[in-house]
Each structure stands twice: as C-alpha cells, then as structure tokens.
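*Asks:* Following the hints, put chain B in place on chain A, whose structure we already have.
Chains as they are written, first to last, in the working numbering: chain A, 5 to 373; chain B, 5 to 373.
Source of the hints: derived by calculation from the structure; they are not laboratory data. A hint or two may mislead.
Note that identical chains are pooled: a pair holds if it fits in a single copy or bridges any two copies.
[Said to hold, decoys possible] Okay, derived cross-link-like pairs now, DSS-like style, lysine-lysine, Cα gap no bigger than 30 Å in a straight line:
hint, residue 1, residue 2
1, K226, K91
2, K166, K217
3, K332, K47
4, K138, K358
5, K6, K53
6, K297, K133
7, K226, K332
8, K297, K53
9, K358, K217
10, K47, K345
11, K6, K47
12, K370, K36
13, K6, K63
14, K278, K138
15, K166, K302
16, K302, K63
17, K53, K370
18, K53, K36
19, K345, K289
20, K332, K297
21, K6, K36
22, K278, K6
Each chain, letter by letter, is given below.
Number of protein chains: 2
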Amino acid sequence: MKNMLDGIEEVLLMGPGPSCVPPQVYEAIGKKTLGHLDPYFLKIMDELKEHLRTLLNTKNNLTVPISGTGSAGMEACFVNLIEPGDKVLILINGVFGVRMREVASRLGAEVDALEFIWGTPVVVDDVAKKLKEKTYRIVAVVHAETSTGVCNPVEEIGALLKGSDTIYLVDTVTSLGGIEVRMDDWGIDALYSGTQKCLSCPPGLAPLSFSDKAMARLGARKTRVPNWYLDISLIANYWSQNRVYHHTAPVNMVYALYQALLLILEEGPVQVFKRHRDTHRMLVKGLEGMGLKMVVDKTRRLPMLNTAWCPEGIDELAARRCLRSEYKIEIGGGLGPLAGKIWRIGLMGHTARKENVERFLDALRKVIS
Amino acid sequence: MKNMLDGIEEVLLMGPGPSCVPPQVYEAIGKKTLGHLDPYFLKIMDELKEHLRTLLNTKNNLTVPISGTGSAGMEACFVNLIEPGDKVLILINGVFGVRMREVASRLGAEVDALEFIWGTPVVVDDVAKKLKEKTYRIVAVVHAETSTGVCNPVEEIGALLKGSDTIYLVDTVTSLGGIEVRMDDWGIDALYSGTQKCLSCPPGLAPLSFSDKAMARLGARKTRVPNWYLDISLIANYWSQNRVYHHTAPVNMVYALYQALLLILEEGPVQVFKRHRDTHRMLVKGLEGMGLKMVVDKTRRLPMLNTAWCPEGIDELAARRCLRSEYKIEIGGGLGPLAGKIWRIGLMGHTARKENVERFLDALRKVIS
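Looking at chain A on its own, in the form it has when it is part of the complex:
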C-alpha cells in the first residue's frame, strides 16, 4: 500500500508552533517503549519533574506533563479549580484569552473579562481597578499571546494578587523555554504550557504546575471534578511515589519532553533566552529593512513570536503558500480581527538560530519583490 509518510519533507517551522525539533529529540521519541509502570520509566518521570521545576523556577510538588496538548493544560487548570458559580476574571488581548473565557464559561463559572485591543498588552492599572470592585476566585492571563506577539505583564499582575485568596492562573504555552518564567516569585498558582513551542518537542503534552494554594483549593472542592481524565488528584497519584495507575502515560512523548528539557538545561536557560532575543532582533531588523512594520510596540514584543503587517499590495495567503511550496518554510497568518492582515513569524526553541532567520529573510525578499 502507498505510504504517505515516505513523502514527508523537512519544513523550516517558523509559524506559531509546532517549532523545529532537534535531532536528539527525534531520537528520544523513537526509543523503545517501556511500560507506564516500569521501574525504569518511573525514574525518567521523576527526573523529568525535576527538570520542569528548574525551568519553571518553582518548588511545587505537583509539576507534571498532562497527557494532551497545551489546550488540555488549559482545560485541566480550569476544570480542577472552578466550581459552578465561581467568579473568574479573564484578561483578554488575543485568541488564547478568548479561549480561556470559553473554557471557564462552559464549566459554569461566572466569568468577567477585561478586554484590550489585540496587539496591545494587558494594562495593569485597569486590572488593579477591577480587583478593587470585585473579589475573584481566579484571575487568568496569557503570558505570551501567540495570536498577536504581545508579552503580558505577568509579574506585575501577580504583584496585585499577592496575599489574596485569589488563584492566579497563567498560560505559558508560548513563553516557556523562550523567555524567563518565575512561577514562585511571580505568585503564580496554576500554570500550563505546551511542548511544541519553545521546548521544541513535537506537540502532545502539556506541562502543568499547581502551587500548594491551588492544591488546597482542589482539596476543598465541594463537588467532584467533572472530568475524570484530567482530574489532577488522580494524575498526581500516578506521578507521585504512590504510582497508582490512572491512565497509560504517553511514554514516548514523555521521552521526547525529557530530552527537550535536558537540551535547554544543558545549553543553559540564560543562554537560550539570549539566543531568542538575538535572533528576534536580527529578524526585526531584516523585516524593517524590507519596509515591513511590526504590529506590537517595541517594549512589549515577544522574541519567539513576531508579528508584522503584510505590506499593501501583497496577497497575504499567497505569499505564505509560496514560502511553503517554493522555500519549504512555514509561517503563520493572523487570527480573528488580524486575519489576512499580519504574518506571525515564530522563532521558537530550535528554530531560533541565525541561519534560519537568514534563510527566511532571503526567501521573503524574493516572495514579496
């Protein structure tokens, strides 16, 4: 029979994720499958948790990869921490904030949203004002808004919530591994991420961490978590020394994430973040040199997700299709109000290397000339 996999070509992944995967991670994902309760696999799990804690700058015991993609991480955070009628504040300035509102609403939360123009950051003073008006069980924000390229002031929002009973929930899907995330220092109680962005691992797992305060909230629930698969108490029981079977862990994806984390720790997070910033500057310089304008104000730009306005007279979609077919480069288009107007150019993890920026700028120059 015909095997479509034989026709897979290597594409330079410079979109909003997945990102390029380093050879060591490809090697890791193809290692021999062990049983999900195998004594050696359990040791790998323990080390993976340690590496994840290091990268998150947290001491949280409950720090594990959830068996689903980044969106499963979002679902897991909300479904474990929300009970029907809970007051939740979502700070929205892009697709992933909108998604948070959708997820929380479906779970019966009483959701308020503070909305900001897409492409601009959450305004801390507006949040402070809102918090004086009303007390929330949960305040949630996206660190790196993948749909716009904006870095939100997660640390400053956290400072507003310190000492309160409110649970602070942060999406670090696109930020983790590309810029610093200091979970404990910033007062984050619940955090999720994804493997396919700056961790440079194929999609399929969602790193997640809960503070003791979040675990206490979970323990004090009056209702059962209405999602058995993502019930953190049960998942914690498997990932702890208890090793109680819950569901079969995605063993080979766990290998891949282990290797991806190891590569970041070996290179050193400080150096990795610098590599993201350096390639980002190089990219912006190149784009501006071609006459393109960036969407986000310089002070709030993400290094790993760069948004530029598509120049007038250029067919946005046709240009992306040409990059993919002629140059084997993937970049992303806009979403929501930015659809058809912007390009999203990822420099995530293994993709964030100078030779990739050069290759992309050369190709784009040809495509739009």
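*Replies:* Okay, now just chain B, sitting in the frame of chain A:
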C-alpha cells in the same frame, strides 16, 4: 548532564499494554514534524481516517484520533453524549466498566449499573430484562475487559438496541486490531479505542468514531459540552475539509498511528486476528502444561489478554519482578478483587508472535520452578 534515556533497554511487553512497537512505527514517530495545518499533513490525516474506517468496518464520517490516551476517548464519548440527568446504563464486569460509571456520574448522568462477576461475561438476557424495565439514553459496555481477559457479547447487546433511540457506546481499547470490530453491523453509535494495545503504537491517541445517530444527538444538545478540549463538534471541524484550527494535533503520534494502521491493513486484518488466536492457543497450552489454570471460561477468552491464576505457593509480585529484571519481560498483575491472585499476559499486536510466547514460557518455567 546525565541522560536517563541512554539506559532504556528493550523490554518484551507482554502486559496489559503498552505492547511491543514494530520498527516501522518507531521510524514513523521520529519523522520530521510538519505544521498541524500543513497541506501535506492534512493529506496524511485524510488517509488515516480512511484506514481507521476500514479497520472499524464503518462508514462513519466522524472517525478520528482524539489527542489523548484511550481514557480521553472514554471521556470524549461520555462528555459529548451526556447531558445532566440523562439515564445511562453501564454494564460492568471489570475495571473499565467501573471507570465508565465514574466518568458518566461525574458528568451528572443518572447512572444504573448491571454488574457481573469479574472474570465472567455480561449476560445478554439480564441486559434484555433491564431494557424492558427502563428506557436509557445510553447503554455502554467494554468489548475486551483488559482487567479480566473477558470478551463481552457486544454484537448480541447491539441487537437488543437496534431500532431504539438509545445510543450504544462501546470501549474497544483492547479489542481493536486483535479481534474483529464491526461498528456498523453491530449497531454501535459511539466507539473509542487506544493506540497502545493491538494497534502496537506508543500510547497517546484515542481513535474515536460517532455514527450519524450519535452526531444528531450531539447536534440536539440543549447545553454546551462542558469540555472545550474534547468537544467533538470542534474537533470534527478540524478533521473535516473545513480545517478549522482547534488545538495543535500531536503530529508525530499521528504519523505513528498512520503507520501502525497501515501495517495491519498490509498484513490483512483476517491474518492479524488469526495470528492473535494462534499465539493465544499456544500460550494457553503452555500455561496449562505448567499446571496453571486460566481465569476465564474457554468460550469467552480474549486472545490478546490472557489471565491465569497465580499458582499456590508462588509470590505473585516477586515472580513478575523477576521476569522483568532477569528476563526483561513485562506481564501484568490483577486489579481490584483479582489483585495479587492473577497474572495478565498480553499478546497484543506486534507482541503476538510465536517467538515471544516461547521466550515467555521458558522464562516463567524457570521463575516458578
């Protein structure tokens, strides 16, 4: 830094899953990651759906892998088809029936259960009697009960429900790829499976299929599905020609499942099922030759999951540990009322080969002598 992955040894996986993975599937999972909206990846998705339909013997349009393990498939079926207060009948004769009850209860269903002794099959006449007493929105059963080794009469139960408004929901996690599953002929409306059993692919995806009747039920919901990540309408919109972004598909796991399905179709399902039966007979003969007794009656035994009573005077756990450490073979122990009393010996997919049965029987003989 120390890399634990370097120490992974090949283990003969003869437990209740994961099973041994063929070399072609390891190769597939390590292929270059494509974007989840890449035109070539979309072609792979389309072919994968076709292969899945062939193996399931269904024409159902909605036939896709869910981005989670088999248990996510269970969660997806129930959360999409249940609304609070719905009457649900679960047929229970093992761990996975118990899990179904738990999942459905958490979603606010009014759950009745018909329970049968673990190690014996669901009795069709008892189900018929129950269905005369009360009308159910959903009747759910596990085809191959992995915790006991029993094959349930899925076709016969389906016959009782034909022509009714009841949704027939079947777990085929352990059966699919090892024995025949005829989704349409048997009147199954909602079905899920897992990759890590007889499909011989690492764990991480849950094949799922909904009949038109199940899709109509979903469309007629009065409440939103309280789980954004597993909302089948949104997932269907990504896997259909619409290609609407929902979450990032686990690209490399999709490659692996594609390859695993291809291998089964190339060998031919009839031959694959025969290979499972042949190795099963060989195993049973070997076990009985050593004086072991099988748990399940001969007429209801699963070929891919064999349960035998641990002989008197043998330390059940110590024997399994010895098999793993001395002979690099994994088998499973009992669960629930069968914990410490039985062994669960898997012959799933790529594991179901004569040389594996011989190697295991030789090892077990030494361990218990």
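*Asks:* First find the shortest C-alpha distance between K358 and K217 inside one copy, then the shortest across copies, and answer within, between, both or neither for a cut-off of 30 Å.
*Replies:* So K358 and K217 fail the 30 Å test inside a copy (42 Å) and across (54 Å) alike.
*Asks:* As a check of your reading, is K297 near K133 (CA-CA no more than 30 Å) within one copy, between copies, both or neither?
*Replies:* neither (33 Å within a copy, 72 Å between copies)
*Asks:* Cα distance capped at 30 Å. Does K345 pair with K289 within a copy, between copies, both, or neither?
*Replies:* Intra 20 Å, inter 69 Å, cutoff 30 Å: intra-copy only.
*Asks:* How would you classify K6 and K36 at a CA-CA limit of 30 Å: within, between, both, or neither?
*Replies:* both (26 Å within a copy, 19 Å between copies)
*Asks:* Treating 30 Å as the Cα threshold, decide for K332 and K297: within, between, both or neither.
*Replies:* within (24 Å within a copy, 60 Å between copies)
*Asks:* With identical chains treated as interchangeable, where does the CA-CA distance between K332 and K47 reach 30 Å or less: within a copy, between copies, both, or neither?
*Replies:* Answer is between: at 17 Å across copies they meet the 30 Å cutoff, but 39 Å inside does not.
*Asks:* Between the shortest in-copy and the shortest cross-copy C-alpha distance, which are at most 30 Å for K226 and K91: within, between, both, or neither?
*Replies:* For K226 and K91, the Cα distance is within 30 Å both inside one copy (16 Å) and across copies (24 Å).
*Asks:* Quick one: K278 to K138, C-alpha cut-off 30 Å, is that within a copy, between copies, both, or neither?
*Replies:* Answer is neither; intra-copy 40 Å and inter-copy 66 Å both fail.
*Asks:* Is the C-alpha distance from K53 to K370 at most 30 Å within one copy, between copies, in both cases, or in neither?
*Replies:* Classified as neither: same-chain Cα gap 45 Å, cross-chain 38 Å, threshold 30 Å.
*Asks:* Using 30 Å as the alpha-carbon threshold, which applies to K138 and K358: within, between, both, or neither?
*Replies:* Cα proximity of K138 and K358: none, with 48 Å in one copy and 68 Å across.
*Asks:* Pop the pair K6 and K47 into one bin, within, between, both or neither, using alpha-carbon distances up to 30 Å.
*Replies:* between (40 Å within a copy, 12 Å between copies)
*Asks:* Could you figure out if K166 and K302 sit no more than 30 Å apart (CA to CA) within one copy, between two copies, both or neither?
*Replies:* within (29 Å within a copy, 64 Å between copies)
Of the numbered hints given earlier, the model fails hints 4, 6, 7, 8, 9, 14, 16, 17; all others are met.
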